[in-house]
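Chemist: Sequence:
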Amino acid sequence: MWDDFGKVLRNVAYAGVGVAALAVEKAGEVGKVLVEKGEIAVEQGKQFNEELQQKLQDAAQKRQEERFNETVSSMTAQEREELRRRLAELDELEREAEACAQGEVPPDAPGADNVTPLHPEDEPKD
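Read in order, the letters of the sequence shown are residues 1 to 126 in UniProt numbering.
You may find that some hints are simply not true.
[As the list claims (entries may be wrong)] Below, a list of computed lysine-lysine pairs in the BS3-like style, where the Cα atoms sit at most 30 Å apart: (1) K37 x K62; (2) K32 x K55; (3) K55 x K37; (4) K26 x K37; (5) K32 x K7.
The set of hints was computed from the structure by calculation and includes no laboratory data.
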């Protein structure tokens with residue numbers, strides 16, 4: 001009887017160890033599944049965020065264009081002409097800045113004849 005009782009206890013102990021091992025194994029599998037699901041959710045979140053940012057940028061650009069169009073349409077002819085003149089001046093300044101950035105000095109620029117090159121080796125040879 002005590003031998004049978006010992007076998008039963010031993011079987012219960014083995015069953016407990018088996019249950020613990022099975023639980024660890026299943027927990028590992030569940031953990032892997034949860035990690036995979038989490039990675040998928042993060043990727044979907046990133047994609048959603050990018051799409052949302054693009055939509056917001058598009059909407060902001062559209063609102064800005066609408067406000068600009070409303071402002072221009074509410075201007076008088078004289079105000080529009082002044083705007084065109086100022087935009088032409090800004091375009092010219094931008095061209096001059098680009099030329100200077102490339103090392104070119106427009107001949108009509110103030111002080112163009114009094115320019116000292118930063119690198120003497122770049123000076124044109126006579």
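Chemist: Hinted pair, alpha-carbon criterion (30 Å max): K37, K62. Please report holds or violated.
Modeler: It is violated: about 37 Å lies between the C-alpha atoms, which goes past 30 Å.
Chemist: Taken at face value, is the distance from the CA of K7 to the CA of K32 at most 30 Å?
Modeler: It is violated: about 37 Å lies between the C-alpha atoms, which goes past 30 Å.
Chemist: Taking 30 Å as the top limit, are the C-alpha atoms of K26 and K37 close enough?
Modeler: With a Cα-Cα distance of about 16 Å, the restraint between K26 and K37 holds, given a limit of 30 Å.
Chemist: Given the hinted pair K55 and K37, is their alpha-carbon gap at most 30 Å?
Modeler: Answer holds: K55 to K37 is near 27 Å, not above 30 Å.
Chemist: Does K32 pair with K55 here, judged by a C-alpha cut-off of 30 Å?
Modeler: Judged against 30 Å, a Cα distance of about 35 Å means the pair is violated.
The structure shown violates the earlier hints numbered 1, 2, 5.
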